[in-house]
Amino acid sequence: MTKQLDRAGKSQRVIPGFGLSMGITLFMLSAIILIPLASVLVYSFQLSPRDFLELITKTNVVNAFKTSLLCSLIAAFVNSVFGLILAWVLVRYEFPGKRIMDGIIELPFALPTAVAGITLSKLYSDTGVMGRFLGQFGIKAAYTKVGLTIALIFIGIPFVVRSIQPVLETLDPRYEEAAAILGAGKFHTFRKVILPELGPALLTGFGLAFARGVGEYGSVIYISGNNARNQTQVVSYVIMQKLNYVDYPGATAIALVMLFLSFLVLLLVNMVQVHQAKRTSCL
Amino acid sequence: MKIKSKWILIGISGVFLFFMLVLPLISVIINSLKEGIGFYFHSLASPTVKSAFGVTVLAAVIAVVVNTIFGIAAAWLITRFSFKGKQILSAVIDIPFSISPVIAGLAFLMTFGRMGWAGGLIARLNEALGTNIQIVFAVPGVVLATVFVTFPFVSREIIPVLLSIGKEEEEAAALMGADGFTIFRKITFPHIRWALLYGVILCTARALGEFGAVHALSKTRGETFTLPLEIDALYLSNSSESITSAFAVSSILVLMAVAVLIIRNIAEHQAKKNEENH
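Chains A and B, in that order, give the protein sequences.
Every position in the first sequence, counted from 1, becomes a number in the numbering used here once 532 is added.
Every position in the second sequence, counted from 1, becomes a number in the numbering used here once 314 is added.
Since the hints were derived computationally from the structure, they do not count as laboratory data.
Quick reminder that beta carbons are idealized off the backbone N, C-alpha and C, glycines included.
It cannot be assumed that every hint is accurate.
As the list claims (entries may be wrong) - Under the rule of at most 25 Å between Cα atoms (straight-line distance), these lysine-lysine pairs were calculated in the DSS-like manner:
no., chain 1, residue 1, chain 2, residue 2
1, B, 320, B, 398
2, A, 810, B, 481
3, A, 724, B, 318
4, B, 348, B, 364
5, B, 587, A, 630
6, B, 533, B, 364
7, A, 590, A, 677
8, A, 718, B, 320
As the list claims (entries may be wrong) - Pulled a few chain A residues facing chain B out of the computed Cβ check, cut under 10 Å:
no., residue
9, 582
10, 584
11, 598
12, 601
13, 622
14, 634
15, 652
16, 654
17, 751
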């Protein structure tokens with residue numbers, strides 16, 4: 533038995549190139565990602581705990597965190613609803629223009645964030661088409677949290693759709709048919725049969741869209757107006773402001789909190805995925 | 315009843331996509347042509363835009379080369395061998411996806427800037443050799459930031475393909491005595507070429523459009539500015555003409571984004587076809 537395992541272990545190294553690919557990967561990863569990020573950590577650890585706390589509890593910093601988290605949360609929620617509908621339509625239905633629709637979803641990945649930022653800002657300003665439209669209902673989008681959230685919806689939509697799509701493709705429609713034959717209503721079928729299956733994927737998409745929103749910079753800074761009094765500054769903007777004033781301690785302290793937050797979200801997403809993989813392998 | 319709900323859902327999707335994604339695109343084009351077609355080309359030919367174009371293309375080319383080498387090596391490593399710490403390694407590769415680009419800029423400032431440990435090293439090197447190497451607030455910093463934010467794109471595209479085809483063919487070839495390069499060229503490459511192409515395209519798109527990370531590391535307009543930074547400068551100078559210029563420069567990047575989406579669509583289609591043929 534052990535001999536067999538041994539041989540199995542060795543057969544994994546039949547393919548050449550282990551040393552070379554390991555060398556290239558580790559060298560480049562260290563040079564470009566790990567060492568620069570480690571520099572941020574090292575620098576932030578030089579701050580005393582009291583200084584650190586003082587830097588991150590300043591009113592404008594706390595407000596920026598509140599704004600970023602709140603708007604990203606709302607945007608991720610809106611994206612979950614529309615993302616679910618979009619994924620459903622793209623997987624389950626055949627209709628003219630489907631391939632174009634599927635392609636357009638990825639536009640926020642391909643379009644530079646600064647371009648998205650200025651065009652959304654123009655579109656939702658008082659003179660823009662959407663701004664005038666919303667203005668009729670007394671909603672002011674540009675330079676408010678509403679506009680900021682709209683920009684984050686723009687940025688986050690592909691994350692949710694692309695997380696749900698592959699899972700929905702493998703979901704067998706027969707379960708829904710069975711539920712329908714047994715007399716379950718449409719809403720009931722959706723809630724009891726489909727949603728539990730899509731839950732982990734939906735949560736992954738939600739998490740990714742949320743994490744992207746919290747760190748977003750280019751697409752939000754034009755439409756948000758970056759006003760401290762209206763609390764429309766996002767965290768990335770505050771970091772950039774501090775960098776411009778050469779306030780490196782302030783910038784690194786905020787960056788550290790932000791790194792911690794995004795790792796937390798990623799960890800949760802990862803746990804959901806592992807849990808999901810275990811569940812499906814049991815079936 | 316079933317037909318009805320189908321078209322309602324398609325309708326909701328269509329309306330949502332039109333207002334959220336398509337309308338902003340149209341708006342860029344309309345705004346860019348506000349002062350006429352002559353002004354449009356005049357804006358594109360300004361010296362700062364030309365310089366920004368050069369810097370952007372340079373950064374994108376280097377990012378593509380670096381990330382292709384890394385992407386192939388990392389994908390090969392992760393899908394063809396088992397070793398301790400593989401999970402951690404693949405998680406670390408994805409870091410640039412999950413952190414704010416502004417933090418990427420900050421990281422290079424903290425490494426190569428005046429406060430950074432490598433900053434002093436470079437200053438001493440410059441003194442000893444009489445050179446004038448600058449990283450932050452210069453083109454090398456812009457290139458580094460661009461490589462950072464685009465780092466996982468190629469490997470991310472290749473890894474799923476290599477996982478799905480398995481490694482039996484390569485193992486057989488290796489046992490029959492083929493060397494690594496031959497195995498890669500004859501067996502692996504034909505499988506991954508569409509994924510590689512798509513990864514390279516995504517990497518290019520992101521490199522041309524990166525804003526936050528580069529914004530922290532580039533301060534001289536006309537020298538170290540990239541196209542997105544030039545757009546930012548034009549837009550914020552707040553005269554109606556320069557705003558139109560900002561949209562004119564943006565329209566170039568919009569065309570690029572649309573091209574990326576089309577190529578992606580074709581590449582995906584081809585990959586599916588290849589799968590069916592096998």
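Checklist entry - Against which earlier hints does the structure fall short, listed by number upward? => result The structure breaks hints 1, 9, 10, 11, 12; every other hint is satisfied.
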